[in-house]
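First to last, the sequence lines map onto chains P and U.
Take the position in the first sequence, starting the count at 1, then add 7; the result is the number in the working numbering.
Take the position in the second sequence, starting the count at 1, then add 7; the result is the number in the working numbering.
Think of the hints as simulated: they come from the structure by calculation, not from any bench.
All values reported here derive from a predicted model rather than from experimental measurement.
Possibly wrong hints are sitting among the right ones.
Note that identical chains are pooled: a pair holds if it fits in a single copy or bridges any two copies.
Stated by the list, open to error - Simulated crosslink set (DSBU-like; lysine-lysine; CA at most 30 Å straight-line): (1) 127 <-> 58; (2) 135 <-> 210; (3) 124 <-> 178; (4) 351 <-> 166; (5) 43 <-> 90.
Number of protein chains: 2
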Amino acid sequence: MSVCTQYYPDEPTAPVVKTSAVPGPESVKELESLGKVFDARPAYFMADYEKSKGNYIVDADGNTYLDLYAQIASIALGYNNPKLIEAAKSPEMIRALVDRPALGNFPSKDLTPILQKILKFAPKGQDKIWSGLSGADANELAFKAAFMYYRAKERGYNKDFSSEENVSVMKNAQPGSPHLAVLSFKKAFHGRLFASGSTTCSKPIHKLDFPAFEWPHAEYPHYQFPLTENDAANRAEDDRCLKIVEHLITSWSIPVAALIIEPIQSEGGDNHASKYFLQSLRDLTLKHGVVYIVDEVQTGVGATGKAWCHEWADIQPPVDLVTFSKKFQSAGYFFHDPLFVPNKPYRQFNTWCGEPARMIIAGAIAQEVQDQNLSAQCARVGDYLFGKLEALQSQYPEKFQRLRGQGRGTFIAWDLPSGAERDALLKSLKLKGCNVGGCAELSVRLRPTLSFEEKHADIFVDALSKAVAEI
Amino acid sequence: MSVCTQYYPDEPTAPVVKTSAVPGPESVKELESLGKVFDARPAYFMADYEKSKGNYIVDADGNTYLDLYAQIASIALGYNNPKLIEAAKSPEMIRALVDRPALGNFPSKDLTPILQKILKFAPKGQDKIWSGLSGADANELAFKAAFMYYRAKERGYNKDFSSEENVSVMKNAQPGSPHLAVLSFKKAFHGRLFASGSTTCSKPIHKLDFPAFEWPHAEYPHYQFPLTENDAANRAEDDRCLKIVEHLITSWSIPVAALIIEPIQSEGGDNHASKYFLQSLRDLTLKHGVVYIVDEVQTGVGATGKAWCHEWADIQPPVDLVTFSKKFQSAGYFFHDPLFVPNKPYRQFNTWCGEPARMIIAGAIAQEVQDQNLSAQCARVGDYLFGKLEALQSQYPEKFQRLRGQGRGTFIAWDLPSGAERDALLKSLKLKGCNVGGCAELSVRLRPTLSFEEKHADIFVDALSKAVAEI
């Protein structure tokens, strides 16, 4: 059964690029007008979502691209998906949009069923949720939960704040505003607000000129590929990095309350962490009383062949907090330990406490991924695509270095010898009708939607083999 | 012409409370179920938005309240407003919901007209926008803009980063991660993330256990009311506070890059700042090269009798950044100086760069406020209501202390002698069918929607006079 045929009978059958450059003249004109009121410099082109369908995005010039970037890895089911259109037209959605509730103070009767639908899709071992608005927001809310949990353990969960805490906190001073750290990893990306930005360590441009907390970055393992042929070296690399993590936890100038990690560092270059590494972090965090947060903002929702990427590692006991956003459209964190509900109300709180309109979309996405078994489809299509890329790799080993993502669905990446060649490849692919993104300095990352099929993989590989031959 | 008659011909004519306690039994039951997966402790009741209409919110027990709190001051036009329902059903909205664009990389053809509609409602002197997701997010994005601007002035707008900056920033260290501060005010509320939380100074519970930046809080003027009878004392209070501001700017251990202020501190107790104070801050910020940010998250969008509250102060030259959220549904900041666009793309950036679904709602709200002249209506209804409250004040001077908001539309507040009496009054009002919120320790704050009319004021004042007589 083909999901695409079912969803998108009128999806284009192939990409078409009519303009000699991208963005084309109409996009350029419209971006100029947008640029007068909004920073439009990062725009690839002006998109026409009315005409986009399934795996294909259309621009203002009528160019039609097979989309393997999908709004920076944020479209789960493809463009103009009928199930999402149905959700968008539902009476619950209209209410969520026009009567946006302050969900903490005046929750809607609609909320419980929406959350239950989302929680049916929660990572194994997690059964509660707190809602935010974006990946950065989700991570910062998780940090708040972690800090409250950490201090409650020190203080006693039901013990009240001291008057010294109540006074000092109003001056942003200790002990009410404690010096506590979140440990993250080099090349990590967890968002661009101030606390999330302090854990992000991908590129200087993401962080320059912003004050940061003095929080530590450990080393994330850098594996040799293919993984199956480099077991010993990669295990040694894991152990090297684990030592650094433990050293930082025990020696950093500020107590480390939490650790946050992406199971695959995405923005930072599609760096994978092994099952052994992720499980060992569980052991270390338990040993040292550190909250374990897994950031599934980019890796979550099916593309790796499981609903949540860290499920591949079967971490036991389950991690403490799992953050999500992007392809799930809604954002927040899953958890299971009731001690992560703060001891008093209004401590984890804000006006909206989430976005019900996006929660409805998340519920519809979760339902469809489950109904259509789209994670399994990603696993299957990913294997097919990976095989094709291995064939290209043996033809052009220089242009397909460190090919990674085997057995991780369509969540695939590889390196070019230089940033210039990577950029040239992405540009050439665009002119051949494939919208593809990069990450880190040298990598191409594939992030198609979950409705990507073998036929799309064929179109992409065809364009890719031509583009590679050219550069 | 009555806006309510036009909008809400089938709005209830009076509140009805059928249960002997609020929340009633059905709310309690449903909140218990919600509480298993979501922190429902702060809930007032379980709301039924399907049945809510105009100025009336209905709960799961069928109680109908006249709503003067309006989702923590976040509903502009009343429940199930027909113009917003129209916007919610529009093809642009469906696209925004199902094909959520990464607005920075793949902006939609729909975006420019949406932004133009929003910008028609921008505060005087502002003509550009950057978009966020919530009040806290808007303020932190404004801080980022301010820090980049401040460092660009020091470095030279077009000068590149030094290698020392590029290296140190990856360690969260100076000079790449500079020590810079945002100055805010005691009792301020600017959100609850980590940087916004460092500027928030309302209640310990909002901040306890979270690391904070060591940023300073100046004193916000504490006036005597009525303002017209206390000119000299209040001017002296302004001058006292201005001295503190200047002292902190020139002496704080970390350079002060920006100042953020609410024209009326809302969460912190409805503390008003005079035209003289707000203008003098402009003079001080210019003198010392500090970015001037006005937080209009709660005060914006008509309720004070102007589109934006700080327009009452006619600050010249206009402030640098104006942040918004809540009643506008969309969030972000307005600005005018092109130097607040960072020198390189991708510095002020994230996956979504705003929420187009909420921008569409914001555009529809802006249009309607302008078409129906709802700011002027708020001014008129506010004057009417204020007169009634003054009458009650002369009857119960103890229960109506520091009555404030004269000439500021329906943005009205007063103090009770104690927190216990304030809480008792709010509870009694709820049982009489009026949903009203508090702020700070002693205050009642009125935050009805812009469709609140004289007839609603009459109903409220009737309930209030009974409730006051009882406590």
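Checked hints:
1. For the identical chains of this complex, residue 127 and residue 58 are inter-copy neighbours only, at 29 Å across copies versus 33 Å inside a copy, given an alpha-carbon limit of 30 Å.
2. For a Cα distance limit of 30 Å, the shortest separation of residue 135 from residue 210 across copies, 27 Å, qualifies, whereas the shortest one inside one copy, 33 Å, does not.
3. With identical chains, the CA atoms of residue 124 and residue 178 are never at most 30 Å apart, being 42 Å at best within one copy and 41 Å at best between copies.
4. For the homomeric pair residue 351 and residue 166, the shortest alpha-carbon distance inside one copy (11 Å) is at most 30 Å, but the shortest distance between copies (49 Å) is not.
5. Only between protomers do residue 43 and residue 90 lie at most 30 Å apart by alpha-carbon distance; the minimum there is 28 Å, versus 36 Å within a single protomer.
Figure legend: structure checked against the earlier numbered hints; the only hint not met is number 3.
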